[in-house]
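A.B. asks: Make the full structure from the sequences, and use the hints.
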Amino acid sequence: MSAAYLTLESVRKEFGAVLAVDTFNLDVAAGEFVSFLGPSGCGKTTTLRMVAGFEQPSSGTIRLGGKDITFAKPNERNIGMVFQSYALFPNMTVGQNVGFGLKVHGRPKHEIDTRVKEMLELIQLPNLEKRYPYQLSGGQQQRVALARALAIRPQVLLLDEPLSALDAKIRISLRAEIRAIQRELGITAIYVTHDQEEALSISDRIVVMNMGEIEQVGTPFEIYNFPKTQFVANFVGSVNNADAEVVDPTNGILSMDGVHLKTADVDMSNRMKGDKVKISIRPERFSFAAEPMKDNVVDCIIENITFLGSVVRIQISIGNTKFNMDTFNNPFLDLPAIGAMEKVMCSKEAVLVL
Amino acid sequence: MTISTSPVPLAAKATEDRAPVRQNRLWSWLIYIVGAVYFLVPLAATFYWSLRAEKGVFGLEAYRRLFVDANFLPAFSESIVNAVAAIFLSLLIIVPTAYWVTLRLPRLRAVVEFITLLPFVIPAVVLVFGLIRLYSRPPLLLTATYDSSRILLVCVYAALSFPYMFRSVDNGLRAMDVQALTEAAQSLGANWGTILFKVIFPNLRVALLSGALLTFAIVIGELTIALFMAQHTLGPYMANLTRSKVYEPSAMAIVAFAITWAAMGLIAYTSRERRQQ
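Protein chains in written order, with the working numbering: chain A, 1 to 354; chain B, 1001 to 1277.
Don't take every hint at face value.
[What the hints assert, rightly or not] Every beta carbon over 10 Å from chain B, so not counted as near; a handful from chain A, in silico: (1) Gly16; (2) Gly60; (3) Glu121; (4) Ser164; (5) Asp167; (6) Thr219; (7) Val247.
[As the list claims (entries may be wrong)] Partner residues are not named here, just some residues of chain A that face chain B (Cβ under 10 Å, in silico): (8) Pro39; (9) Arg49; (10) Glu76; (11) Gly80; (12) Met81; (13) Ala87; (14) Arg148; (15) Ile152.
For the record, the hints were derived by calculation from the structure and aren't laboratory data. Positions of the beta carbon are idealized from the N, C-alpha and C atoms, including for glycine.
C.D. replies: What follows is the structure in C-alpha cells.
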C-alpha cells in the first residue's frame, strides 16, 4: 500500500461519560475506498464526523495530506460529504445545488457552469439541471448529492450511509455506480455502513467497529475468510459457533463433543492441551463427503432443510452441536432425507479458532 | 355449514349507523352558522353604517372623506414603515436565535419559547409604562424626541411580534433537516453567514412570510403603546376619528379588516403553494 494520505492517530471521542470512539488508529492511502462497518452505536459515524470536522476529537490527531486538520473548521477542510438524507438544498435547482460549493469558493460563472455539466454527465443525469430536488426520485437525489460533493474536487469523499434510505434494487445499482465514479476520479473515500454486503462489495478495505473500537481492518476477503474476533465472524456473514477443547496443539487437533476436528489456525501453537476454545465455521465451508478426505470428515444427522432460493440451508447435528450448512441450489440437487445419517467434511482452514 | 346473507337487515343497520353521522353534521352546520352570524353581523352592520355618510344614499362617501383626510395617509404610511421595520428587526433577532437553538441548543427551546411568550403575559399598559420609565432617563434616553421614541416603538413592536415570529420560524425549521443542510453547506465551504442567508432563510420563506404578515396585522392598528409614546400612527388616528366623526370610523374599521384579511389570505395562499410543492 502507498503512503498514508489520511491518518487518524489515537483518535478518541467522549460525549460526557459516554465513550463513543476509543483509540482509533487508521491510515488511508490516496485513492483508497475504506468502509467503516459495524452495528448502530459502534462509533463509525462519529469517527466520520470527526474527519469531516462536525465533531472534535477529545484527543488524538487527524492528518490529511500531511496537514494536521484535527481542529480545522469543516468549511476549511476541502472534504466532500454525502448524507443519508441527501441534504440537497430544497430552494435550489439541481444545477445550483451542484454548483453551490464552487460559488461559495468564488469561482467564475463559466467555470461553475462547465463543472456542473461535467458532474451531471458523470452521474448520468445531464438533463435534470433545472429540476428541483422534490421533483427527483430518492436515487436521483442521492446521485445529485454525490455530484455536489465531488464538484468542489475534495481531497476526501465521506459517505454516511448514503444508500440506507433507498430500496434494495436501487441500492445495488447505485453502490456500483459510486464505486465506478470513485475509481474513475481516483478519489480517497470513506464509506459508513451497517450493511455487510455493501461493505464487502464496494471496499478496498473494511474497518469493522464495535463499541467504539476497531475489531479488525482488512480487505473484504480477509474480513470474511479470516475474521480475527468472534464479533467480526458473527457480524460479517453467517457463521456456526461451537465450544471445543484443544487435544493436540502442535497438530491443531480439537475435540468437539468427542468428535475430532483439525484446524490450520496459526495461533494453535500458543494453546495448551485441554484449553477450552471457541471455534467458528462458515456454513458454506461444509460439504457432503463424496470421498474420504484427510481432514474433518465427520458423521452428522440431517435435522432440517430450508430452501432459500439460490442457497439451500441444511441443519445438521455433529455430536450434540447443531450447525448450518449452505449449498448452492440447482434443480438437480440430490438432498438427503431429514433424519438421515450422512458424512460431511470441511477443510482444516475452515475451522477458525477465535 | 352454510352462511345465509340477508341484505335487508344489513341495509337497516347501515341506515342506523348513518343516523348519528347525519345528526353530527347538523350540529356542525348549526355551530358554523352561529359562529358566522356572530362574526359577520357586526361586520355587515359596520359596513352598512359606513355606506350611509350621505343622507338617503348608499355610497362610499365615508371612504372618500377618510382618504382625503390630511392626517390619514401620513398615519397610515407611518404605521406601515413601523411595521416593516419591526418585522425586519424581529426576523434578525428570531431567525438566528431559533436556528441556533434548533442546531446546537435544543435543550434551551423551552426557555426561549417562554421568553418569546412574555409579550402575551405582560399587558400593553404595563409594558409601555415600564419602557417609558426605563428609557426616559440617561443613559438610555430614547423618549426625548419624536424620532427616538419611534425607534423605541419599533423595538417594542418587534418584541410584541416574538410569539408569532418564533412559532412560525420554529415550525419552519422543524419541517426541514436543519443539521444535515447546515453540515452539507459547511462541507462545501460555506460560512455561517452564507448558510443563514443562502440556505436557511430561503427555505423558511413561507414561515417567515406567515410571521411577518401576522406581525404586520398586529402592528398596523396598535393603539396603546403608540398613544402613550405620542406617536401619530394609525391606532391613535382611529381613536381620534371615533371621538370626532360618525361614519368615517366605520369605514376605517372596514379598511383595517380588509388589510388584515389580505394579510391572512396571503399567508393561506403561500402555505398552500408550499404544501403543493
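A.B. asks: Now look at each hint and say whether the structure bears it out.
C.D. replies: Each hint tested on the structure:
1. Gly16: 13 Å, holds
2. Gly60: 21 Å, holds
3. Glu121: The claim holds: A/Glu121 sits with its nearest Cβ about 20 Å from chain B, beyond 10 Å.
4. Ser164: Per Cβ check, A/Ser164 is outside 10 Å of chain B; nearest 13 Å; holds.
5. Asp167: 20 Å, holds
6. Thr219: 28 Å, holds
7. Val247: The assertion about A/Val247 holds, with a minimum of 56 Å to chain B.
8. Pro39: 22 Å, violated
9. Arg49: 8 Å, holds
10. Glu76: The hint holds - A/Glu76 has a Cβ within 10 Å of chain B, the shortest such distance being about 8 Å.
11. Gly80: 6 Å, holds
12. Met81: At about 4 Å, which falls below the 10 Å cut-off, the nearest Cβ of chain B leaves the hint on A/Met81 intact, so it holds.
13. Ala87: 4 Å, holds
14. Arg148: 7 Å, holds
15. Ile152: Holds - the Cβ of A/Ile152 comes within 10 Å of chain B, reaching about 6 Å at its closest.
In terms of the numbered hints stated before, the structure departs from hint 8 and from no other.
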